[in-house]
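Number of protein chains: 2
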Amino acid sequence: MASVQDIIVSATVNIISAIIFLVAFAILRLQPFNDRVYFPKWYLKGIRGSPTHSKALVSKFINLDFKTYIRFLNWMPAALRMPEPELIDHAGLDSVVYIRIYLLGLKIFVPIAALAFVVLLPVNWTGETLEKMNVKVKDLTFSDIDKLSISNVPAGSKRFWAHLTMAYVFSFWTCYALYKEYKYIANLRLHFLASEQRRPDQFTVLVRNVPPDPDESVSEHVEHFFCVNHPDHYLSHQIVYNANKLAKLVATKKSMQNWLVYYQTKYEREPTKKPITKTGFWGLYGETVDAIDHYTAEIGRLSEEEAVEREKVISDPNAIIPAAFVSFKSRWGAVICAQTQQTSNPTIWLTEWAPEPRDVYWDNLAIPYVELSVRRLLMAVTLFFLTFFFMIPIAFVQSLANIEGIEKVFPFLKSVIETDVIKSFVQGFLPGIALKIFLILLPTILMTMSKIEGFTALSSLDRRSAAKYHLFLLVNVFLGSIITGTALQQLKTFLNQSATEIPKTVGVSIPMKATFFITYIMVDGWAGIAAEIVRLVPLVMFHLKNTFLVKTEKDREQATDPGSLDFATYEPRIQLYFLLGLVYSVVTPILLPFVIVFFAFAFMVFRHQIINVYDQKYESAASFWPDVHRRIIIGLIISQLLLMGLMSTKKAEHLTPFLIALPILTIWFHLFCKGRFESVFKIFPIQDAMVKDTLERATEPNLNLKAYLQDAYVHPVFKDGEFQRPAAIDEEENSPLVPTKRVSQRESKYGSDEGSENGIVE
Amino acid sequence: MASVQDIIVSATVNIISAIIFLVAFAILRLQPFNDRVYFPKWYLKGIRGSPTHSKALVSKFINLDFKTYIRFLNWMPAALRMPEPELIDHAGLDSVVYIRIYLLGLKIFVPIAALAFVVLLPVNWTGETLEKMNVKVKDLTFSDIDKLSISNVPAGSKRFWAHLTMAYVFSFWTCYALYKEYKYIANLRLHFLASEQRRPDQFTVLVRNVPPDPDESVSEHVEHFFCVNHPDHYLSHQIVYNANKLAKLVATKKSMQNWLVYYQTKYEREPTKKPITKTGFWGLYGETVDAIDHYTAEIGRLSEEEAVEREKVISDPNAIIPAAFVSFKSRWGAVICAQTQQTSNPTIWLTEWAPEPRDVYWDNLAIPYVELSVRRLLMAVTLFFLTFFFMIPIAFVQSLANIEGIEKVFPFLKSVIETDVIKSFVQGFLPGIALKIFLILLPTILMTMSKIEGFTALSSLDRRSAAKYHLFLLVNVFLGSIITGTALQQLKTFLNQSATEIPKTVGVSIPMKATFFITYIMVDGWAGIAAEIVRLVPLVMFHLKNTFLVKTEKDREQATDPGSLDFATYEPRIQLYFLLGLVYSVVTPILLPFVIVFFAFAFMVFRHQIINVYDQKYESAASFWPDVHRRIIIGLIISQLLLMGLMSTKKAEHLTPFLIALPILTIWFHLFCKGRFESVFKIFPIQDAMVKDTLERATEPNLNLKAYLQDAYVHPVFKDGEFQRPAAIDEEENSPLVPTKRVSQRESKYGSDEGSENGIVE
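Protein sequences, first through last, are from chains R and X.
Read in numbering that gives the first Met the number 0, the first sequence has 7 at position 8, and its numbers run on one by one without any break.
Read in numbering that gives the first Met the number 0, the second sequence has 484 at position 485, and its numbers run on one by one without any break.
Keep in mind the hints are simulated off the structure, nothing from the lab.
Since this is a predicted model, take the numbers as computed values, not measurements.
Keep in mind that the hints are not guaranteed to be accurate.
Claimed, not checked - What follows is a set of in silico ranges between Cβ atoms, one per label pair, in the way DEER data are often shown: (1) T251(X) to P110(R): 52 to 62 Å; (2) V596(R) to K650(X): 54 to 64 Å; (3) L114(X) to P213(R): 51 to 61 Å; (4) K277(X) to H653(R): 46 to 56 Å; (5) I451(X) to F657(R): 17 to 27 Å.
To be verified - Per the computed footprint, the stretches of chain X lying under chain R, defined by three or more beta-carbons under 8 Å from a beta-carbon of chain R, are: (6) 227-241; (7) 329-338; (8) 600-606; (9) 676-684.
C-beta: ideal position from N, C-alpha, C; glycine also.
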């Protein structure tokens, strides 16, 4: 157990490294040549231009106004200044709600910390168990931190009533804060959706698993189905092409073009030396050729291939996947279609509210129901193995990656490796590297798993990956740190222990791990967040691109990588802090200030980042909040169970019955909140759709909705204007095959009170 | 452990008692005076009249045609003769699907038994473990049954591969049969719903939690809300009165009338002696009065009270509860309203597909969301305590209900009790009576709990009660028989054992309990089902009523109690047989024939009963099937886990990894079926609604739907024609407060292709 001195040393180190990051940030962000790295959002919005040309050449790149360096923390008040409604306009609801998670952390833990310091610290401090033990057993060391924790209370003491009461108070306060926040964010979302501009997804439903029809194409089949079953509301539809191969070709071509530009720039700077490259992978091996010629030829070949593929996709009926975006004449029509089941077979004609066009994950639109079901099973099993058995392959790789192994595979390296410096480096570094690489790759692996599971929107992919990562962190970081040993060993322990024994095993170790987690919070939380704001990787990438690729102002714009809040990685990490705060709030309240500092600091940093840096890839209107809420509840229940376990090892079993009510009430609270709020995040209610429809009808009676929706849901590779709707569909729409319905609609076009009908005026 | 001889004795006893019941049934049912007890369904249908008067007096009551007695089993082929479609017409889909549960049992277990007898019995029989043990330990007894079970296979033997393979084969076969059956019943249900006559619930949605409005009454508020949000589809609505008190008054009055008739009959038969009664509870104490005068006066008083209450309910705005039945112009309109969320607050304007009028449970229509949520929590906790701690109050009552206790409370009984015969009777009988009474009352207690939970349809109440009863039987009968001891002790055992230890503990006892369960199946299954067909209680009740109350043919009709399939009690009991069959299929296959005989016999008995006796209170179109399916899956998973536990105690742990895949695959299969079929049992799809609407529009263009639906959802106490719709509503409908909508509808009445509009031609 670390002493207070150790903690102070660790805190000093981490605070210093945080300050170094902040100073680095303060210096770097003031340099005009870094402007696009630290303020990309403003460039994207068109508010900020490249450094003005009127200034001197030096001041275009380096800030010489030294006064600005003095106030190196002045971004903090600036970050807090923008009011929330304006921030929602500026950065989107997703980002604003994301930073509210940190705010929620402050709301929960500041009062808890205050109360715990007033009530629990004196109770623990005067417990004097550890001092007595120290008298008896000379060897036992304990620190002042442990004297402040529940360990210092004698077993079976009446003092545990204080902890019991506080557990109730803290749980109720947490639930209250959660309820208020859920309600606030539900209202925020409803307000956001209600005040939104007209958007294609409001009128559109994603239809998947269109059953095959021997006589009709997918497009005809969709049209007929919705004409028959939603006769008064169906407007149009957009079929989906399987353009995955085409998209890959386009991406390859773009990368080739980048290389071409790189070599051209190189040649221009050094006209005497013709740049050369090798034809193999990454130019590392193969035949040596003239680089510019090679890439020009490659691009020409790819352009041809692309044109052929483009033609093929549009004309080949097999390239049309059995899914479609169906648009309705009113939001009301779309809302009812999205929420109802179309046919008696619930695995075909699946309708759901369409994601935003930029949120669609095109690759997954065509997966049949049975396959989807099998994929989910496989991924669930994979996740289980990944969580509990990931150490096995890593240990295997580690066993290979030693000096002898390397010498065996690459005998020619023998002489290099045998030198002392490199040898010690390899021996010290290699065993850890496999694990490090795995941990860095983990979010990508989890995202790939979510993609295999077949979700159709980027936002759902992020949410699913976050759930997986949360499980991983819970098992491998939280439990793994408490019960030392791999997850596999934990699993064995848990399987061989009884339901009442597990919380005891974990609960007993909890107070002893407080100092470890305090250090963890400082390293991962404080210094980690400070590193976030420096944006080291985008900084380096931008300057590399700027040097080698950028020729025009447009190139420079493309080189700007604002990045985005990576919900799938960041949110599960926040949950770890909630969990630590809740678990230690009763046990070792001295941990709470560290958590609070993390939340406050992270809140400011991310508020700054979403104002100045990040550009979200999609806007899901905070649809991730139910997940955040649920995970905090999971943390709360874990903390309650562990407290029960801890209490029963402290000879306070008589208190356990009083504690049992807590998790039951918490679960009930969760179900209550779920029933009360969750549907707001999944469903667009009929009343709200009607209000928006009515308003729109009044303000824009002549809106041509069909034209508005025409190309909203076209695959991005067709977005450049080259896409032409196949003639067959246009023709068909002029002479529909279900004439009765369509004719009656046309006849009643005027004189009907259904304003949305105006959408089909052509 | 019972020997084969014991089993044979037990089988003989039970078969004889079953035969006695069957003979009694054969004799009783042929007597014309029992005709209404054994063939009430035909009377209700009007096909069968009272015994013809042309016959002699004696043959009106007793069947003298002795030939008919000889073929005392001839009801069996008769029961099997009616084809299924006709049976659905005759008895309803609920009943037909209910007896298909027994058929499913046969489908699952006959092939499993055949395979188990061919493969597993020889493997077990030649295992010879028990014989060897017998040589070593002289005292150990084992029966031939145990030699046929898995106990006879030596620990760690390769023979377990046979059991492992069979576990897979049996699980796959069970899943296959379940899948086929789910599919068949889903189709049956869809076909049933599609071919159904026009019914009010097809057009109607139950709206609950109508929010209070300061300016409008509930009725106005409902009308305005749906006129605005479903302008083209809303037709009318029916408000709900809180008539619970009135219903109670009507019921009391009816019972008074029965007593009056009873005393009048008595007086007529014995005119010399005026019948008297006491005014207290059940006429047991209180002032002695003339019975006829007393009841006439009471009925008069109640009639007045009833009239006042009736008036009050209709005129008092507070008697209108915030719920309504809203009807739409088409099935399509009702379907979309039932499946969508109306407002952004998901706890108000809750819409669901209305139950059949006779299926509505009126008392629960007005419970607000928060209260409902609290009620569910309380009932969940109660169910837990009821399941695990029910022995505590019963043991307490038992400790009171001994001789000394009775003598203390009722000193005057002392002399009676002290006589030897009564004393021994009391001592032998009383301790068990509390438990017996509890078990008899249990279904009622569970039903009351479901009512408190706030379900609004009788069918959902039945389904919920069945779920509760299933849990109780699982814990207290199945586990309770295996791990002897009360549920409370089991709970303690389980909490103190590890996750891997529990299946071992239970699994090890499984083979030893085979003979016990065989006896259980014979007593509860064979003899119990035979007792069912005799209908002893309705027989006695009918003859009592017939003697004392019946004066006219109409009275006799009322005295006929056809009863109904009590799904909440019967279905969980069947599940016990599924569970036993699945658990023992690998372990002790000799149990399977007993289960098969039960299923076959029960199938025939209940097929006879639904043809001739039962009259269902409601028709839910087999909406209980997902529950049945889920519980069989639960049984399958329990059997797999127990087999894993058993295997690991037989030193065959190396097989456990192969077995782990089974429950995972089974859970996946369940989720797959759930996604594939469950919605068919909850939701009416849009396409089917459209088809029915279109058909109806074509066949009955002039249907006055409004008149048809006018009084469909009136509380049953208003059903006798006395009910008058309050004038206010009629007026309002002629001058609606949302004129634009309504006027536009009227204008487009002709020439619109919306045929359901014809419904409002008045």
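To see whether the hints hold, each was checked on the structure:
no.	hint	verdict
1	T251(X) to P110(R): 52 to 62 Å	holds (57 Å)
2	V596(R) to K650(X): 54 to 64 Å	holds (56 Å)
3	L114(X) to P213(R): 51 to 61 Å	violated (41 Å)
4	K277(X) to H653(R): 46 to 56 Å	holds (53 Å)
5	I451(X) to F657(R): 17 to 27 Å	holds (26 Å)
6	227-241	holds (count 5)
7	329-338	holds (count 3)
8	600-606	violated (count 0)
9	676-684	holds (count 6)
Hint compliance for this structure: hints 3 and 8 are not met, and every other hint is.
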